[in-house]
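Student: Following the hints, put chain E in place on chain R, whose structure we already have.
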Amino acid sequence: MAGADHPKIEVQELNFYYGSFQALENVSMEIHERQITALIGPSGCGKTTFLRCLNRMNDDIPGARVEGKVLIEGEDVYEQGVDVVELRRRVGMVFQKPNPFPQSVFDNVAFGPRVLGLTNGRTDLNELVERSLTRAALWEEVKDDLAKEALGLSLGEQQRLCIARVLAVEPEIILMDEPCSALDPIATAKIEELMRQLRERYTIVIVTHNMQQAARVSDRTGLFWLGKLVEFDEAARIFTRPTQQLTEDYITGRMG
Amino acid sequence: MARPRLRSTLDREIGEINDDLLRMHKLVDQAIVRSVDSLTRRDQATAQQVIDEDIQINDLRYKIEEACLALIATQQPAAGDLRSIIAAMHMVVEMERMGDHATGIAKTVIRMGDEPLLKPLVDIPRMAELAREMLRQSLAAYAGRDAAKARAVADLDDQMDGLYKAVFSELVEIMSHTPDSAARATYLLWCAHNLERIADRVTNIAERVVFIATGDMQELND
Numbered sequence: 000m001a002g003a004d005h006p007k008i009e010v011q012e013l014n015f016y017y018g019s020f021q022a023l024e025n026v027s028m029e030i031h032e033r034q035i036t037a038l039i040g041p042s043g044c045g046k047t048t049f050l051r052c053l054n055r056m057n058d059d060i061p062g063a064r065v066e067g068k069v070l071i072e073g074e075d076v077y078e079q080g081v082d083v084v085e086l087r088r089r090v091g092m093v094f095q096k097p098n099p100f101p102q103s104v105f106d107n108v109a110f111g112p113r114v115l116g117l118t119n120g121r122t123d124l125n126e127l128v129e130r131s132l133t134r135a136a137l138w139e140e141v142k143d144d145l146a147k148e149a150l151g152l153s154l155g156e157q158q159r160l161c162i163a164r165v166l167a168v169e170p171e172i173i174l175m176d177e178p179c180s181a182l183d184p185i186a187t188a189k190i191e192e193l194m195r196q197l198r199e200r201y202t203i204v205i206v207t208h209n210m211q212q213a214a215r216v217s218d219r220t221g222l223f224w225l226g227k228l229v230e231f232d233e234a235a236r237i238f239t240r241p242t243q244q245l246t247e248d249y250i251t252g253r254m255g
Numbered sequence: 000m001a002r003p004r005l006r007s008t009l010d011r012e013i014g015e016i017n018d019d020l021l022r023m024h025k026l027v028d029q030a031i032v033r034s035v036d037s038l039t040r041r042d043q044a045t046a047q048q049v050i051d052e053d054i055q056i057n058d059l060r061y062k063i064e065e066a067c068l069a070l071i072a073t074q075q076p077a078a079g080d081l082r083s084i085i086a087a088m089h090m091v092v093e094m095e096r097m098g099d100h101a102t103g104i105a106k107t108v109i110r111m112g113d114e115p116l117l118k119p120l121v122d123i124p125r126m127a128e129l130a131r132e133m134l135r136q137s138l139a140a141y142a143g144r145d146a147a148k149a150r151a152v153a154d155l156d157d158q159m160d161g162l163y164k165a166v167f168s169e170l171v172e173i174m175s176h177t178p179d180s181a182a183r184a185t186y187l188l189w190c191a192h193n194l195e196r197i198a199d200r201v202t203n204i205a206e207r208v209v210f211i212a213t214g215d216m217q218e219l220n221d
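As given, the protein sequences belong to chains R and E, one line each in that order. In this text, residue positions in the first sequence follow numbering that gives the first Met the number 0: the first is 0, and each later residue adds one. In this text, residue positions in the second sequence follow numbering that gives the first Met the number 0: the first is 0, and each later residue adds one.
These aren't lab readings, by the way, just hints derived from the structure by calculation. For every residue, glycine included, the Cβ atom is placed at its ideal position computed from N, Cα and C. Accuracy of the hints is not assured; some may be wrong.
[To be verified] Just the calculated beta-carbon pair ranges, DEER-fashion:
no.	chain 1	residue 1	chain 2	residue 2	range
1	E	E65	R	Y77	13 to 23 angstroms
2	R	A181	E	M216	32 to 42 angstroms
3	E	A72	R	G80	49 to 59 angstroms
4	E	G143	R	K68	27 to 37 angstroms
5	E	S7	R	F100	38 to 48 angstroms
[As the list claims (entries may be wrong)] Some chain E residues flagged as far from chain R (calculated, every beta-carbon gap over 12 angstroms):
no.	residue
6	Q74
7	R131
8	T185
The following block holds chain R by itself, in its conformation from the complex (with noise of 0.2 angstroms):
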């Protein structure tokens, strides 16, 4: 079964602990297949910590530890003998800071299938890039300068070429860890505008310190406070009625 109602990834009781600090406590969720899930609350209330967990990126973190399930297709991505670069090929990330390669636009978009062996020869490799340029939005704004130092493009371009990254290694799911927050507000509003188009293919879990950004592009939203999960729900009762007055507090701004 697949669609808006099928569970993509399901946490079940997750605790994260950075050596004997608890970062993350007994936190369960569904998120749902190709829908957009934000994840809010105040800095160090557990949402990077806990989007980072859906693909193994705090495994490297020194005194790390983890607890519970994160299930994606229902198999536990903390199983024994998962290929970690596997799963972050299916579970792609696209950061704060746009980090392009110090490479051409072509080159940043290419490594990853070029790595991972994912084409056949030039002209499937040519193909990918343009497909995955188009899909993050960015190909008619580069297509007659593929050999341009992505450090050139403007950080609103730099970011989707990020997205397009994640995309050419053909993930399933991508997590954003407040990917606009370098942004402009018409840069912003056109990652936004991808992200409406990207949710058409792929699950899409975004952390924002931006409310009214959660508000705009999720369909369901969930407020983490303290490690826990407080409240998660459709955006749309989320940010008019709330159950939690936690929730409400933060929302309305009385708190955080």
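Tutor: Relative to chain R, chain E alone:
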């Protein structure tokens, strides 16, 4: 050091909207009192005053609506704040129309001219008092975000409907026996109908209060 109060601008401006709502309530209440008083005393000057002063109610409606729009545009209210502001926008429309109903009574008084009243008024002043009480209670429920009180206001509408039916039956009875009195009876029926409509609009306000308090939209009276 004391923690700074968050959203003080939003809180202050919602407070100002609430103050204006109370001012609007006072004007509408006054219009109801004066319109029925002008009917009882056949006082055309007072009736004309109700008509002339309706513009104050209309102006306050637009002032409050503009303040609500500005708050939505500039402060991005959410949850309870957003529900309060949206409810205020509905409430001012209801109160503005109540002012129009009071004006409707006043216009009827002027249309009646010097013709004597068909009968001494008993139920129509009762309807006016009930409408005022319902309005007062609905504003109190709004101020306290009190869903139970709002539902109680809606229950009073049944009394209003009972009074209206009694007036209606009595006037139809009079018309059937003395057809010459049809015009004068119809004038009184119009007045009673305006009061009954005011109570319906108060019920709409009560529904908005339930929405603010609980987030649920529901019809309180069918």
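Student: All hints are to be evaluated individually against the structure, with a verdict given for each.
Tutor: So, going through the hints one by one against the coordinates:
1. E:E65 x R:Y77: 13 to 23 angstroms: violated (55 angstroms)
2. R:A181 x E:M216: 32 to 42 angstroms: At 40 angstroms between Cβs, range holds.
3. E:A72 x R:G80: 49 to 59 angstroms: The hinted range 49 to 59 angstroms holds for A72 (chain E) and G80 (chain R), with Cβ atoms some 55 angstroms apart.
4. E:G143 x R:K68: 27 to 37 angstroms: violated (46 angstroms)
5. E:S7 x R:F100: 38 to 48 angstroms: holds (47 angstroms)
6. Q74: violated (9 angstroms)
7. R131: Non-interface label on R131 (chain E) holds, nearest chain R Cβ at 32 angstroms vs cutoff 12 angstroms.
8. T185: Nearest chain R Cβ is 46 angstroms from T185 (chain E), so the label holds.
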